[in-house]
Amino acid sequence: NAGVTQTPKFQVLKTGQSMTLQCAQDMNHEYMSWYRQDPGMGLRLIHYSVGAGITDQGEVPNGYNVSRSTTEDFPLRLLSAAPSQTSVYFCASSYARVGYGYTFGSGTRLTVV
Amino acid sequence: AQSVAQPEDQVNVAEGNPLTVKCTYSVSGNPYLFWYVQYPNRGLQFLLKYITGDNLVKGSYGFEAEFNKSQTSFHLKKPSALVSDSALYFCAVKDTGRRALTFGSGTRLQVQP
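Residue numbers (the working numbering), protein chains in the order written: chain A, 27 to 139; chain B, 7 to 119.
Any given hint could turn out to be false.
Below are the DMTMM-like pairs computed for lysine to aspartate or glutamate, each with C-alpha atoms no more than 25 Å apart in a straight line [claimed, not checked]:
hint: 1; chain 1: B; residue 1: K28; chain 2: B; residue 2: E72
hint: 2; chain 1: B; residue 1: K55; chain 2: A; residue 2: D64
hint: 3; chain 1: B; residue 1: K28; chain 2: A; residue 2: D64
hint: 4; chain 1: B; residue 1: K55; chain 2: A; residue 2: E85
hint: 5; chain 1: A; residue 1: K35; chain 2: A; residue 2: E98
hint: 6; chain 1: B; residue 1: K55; chain 2: A; residue 2: E56
Read the hints as simulated data drawn from the structure, not as lab findings.
Since the model is a prediction, treat every value here as computed from it, not as a measurement.
Let the hints inform the model, and build the full structure from the sequences given.
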């Protein structure tokens, strides 16, 4: 089925550990983004990409890195996990043309202890 | 800068009654407006969008939304609520010059039998 696939679904990390959240889409969408969802704060943009080789920061980029080597994949790297990064992470993709909405993955629930 | 406000953390309505979930926005250019719904432990699902044209937009599951440019609002409505409509609803906006969607903080809709 076409869509956005996120792995893993759940993860527990110790403070200081690093990990990569995976995101893949098979809809040939140019635009991909990562959001984090925290209670009462909605979704906040971490990083986004408008195409392979092009990435940019969102409103809460600190502590996260991204790269976009292919159209399909957009991994999010946590460099040194902190308890403040405990959250639910969503990957989303879209066509770049104006007016298209996003397709979301099912999320990764991350706990940093 | 673009922003979205959802002034109600929670909306309670009885099954069969009409429902409204409020959203106001701020953008520098023409707005593209979206509503998404999130069921427990799931990703966000697209409900409807306003790009241009008719101010009343119809979407999935019987929902509709009214775009009001003078009041900068995009309220979500449904004539007759169902218990199964109980979920978290997000309003989102982007303007013509930006790629990223900005989300509101979300409104929890509780429909009582």
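Going through the hints against the structure:
For the hint linking K28 of chain B to E72 of chain B, the alpha-carbon distance of about 10 Å falls within 25 Å, and the restraint holds. For the given pair, K55 of chain B sits about 24 Å from D64 of chain A by alpha-carbon distance, which is consistent with the 25 Å threshold. Distance check on the hinted pair: K28 of chain B and D64 of chain A sit about 20 Å apart at the alpha-carbon level, within 25 Å; holds. For the hint pairing K55 of chain B with E85 of chain A, the CA-to-CA distance comes to about 23 Å; that is within 25 Å, so the pair holds.
For the hint pairing K35 of chain A with E98 of chain A, the CA-to-CA distance comes to about 19 Å; that is within 25 Å, so the pair holds. A distance of roughly 20 Å separates the Cα atoms of K55 of chain B and E56 of chain A; the hinted pair therefore holds under the 25 Å criterion.
In summary, the structure agrees with every hint in the numbered list given earlier.
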